[in-house]
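Asker: Sequence:
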Amino acid sequence: MATLRRLRQVPRHLLVCEKSNFGDDKSRHRHLVETHYHNYRVSFLIPECGILSKELKSLVMETGAYYFVKNLPLHELITQEFINTFVKEGSCYALSYNTNIDEDNTVALLPNGNNTHLFFVN
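Following our numbering, the numbering of the sequence shown begins with 11 at its first residue and continues without gaps.
Certain hints may be false.
Below, in silico cross-link-like pairs of lysine to any residue (SDA-like), each with a Cα-Cα straight-line distance of 20 Å or less [what the hints assert, rightly or not]:
#, residue 1, residue 2
1, Lys29, Glu44
2, Lys98, His85
3, Lys80, Glu44
4, Lys80, Asp114
5, Lys29, Glu91
6, Lys80, Cys102
7, Lys80, Leu69
8, Lys36, Lys64
9, Lys29, Leu66
10, Lys64, Leu87
11, Lys67, Phe92
12, Lys80, Asn108
13, Lys80, Leu105
14, Lys67, Ile56
15, Lys67, Asp34
16, Lys36, His85
17, Lys67, Leu87
18, Lys64, Ser37
19, Lys36, Leu66
20, Lys67, Asn31
21, Lys29, Gly60
22, Lys29, Leu87
23, Lys98, Leu87
24, Lys80, Thr109
25, Lys64, His41
26, Lys67, His85
27, Lys64, Asn31
Hints were generated in silico from the structure; no laboratory data involved. As the structure is a prediction and not an experimental result, all values here were calculated from the model.
Starting from the given sequences, assemble the full structure and let the hints guide the process.
Answerer: Next comes the structure, spelled out in structure tokens:
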């Protein structure tokens, strides 16, 4: 019965809209994106914009390299080599692909060098 009630509920989502200038030193966009590790997408809506400003283009280009790895066994994330190379250096973070962190079984590796979290939601 509880499962049926859950299925009838509308999923909760958070939409945050801010008006700001990327050139402003007080802009919080970079901080918000860099500290919310589980976000996998940031959308920009720029009305009547034919060409991106150099500030926005620079911000988008600074994302760096990322990789999409299919069928990686979870045990690979706890090998000593992986931990020494990526986790302890704090240079890696990962999130299960095609999962909802609040609804599905999800694996997340945070870039702070200390935490590996396994989230299992029933």
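Asker: Checking against the hints above, which ones are violated?
Answerer: 3, 5, 7, 10, 11, 16, 17, 22, 26
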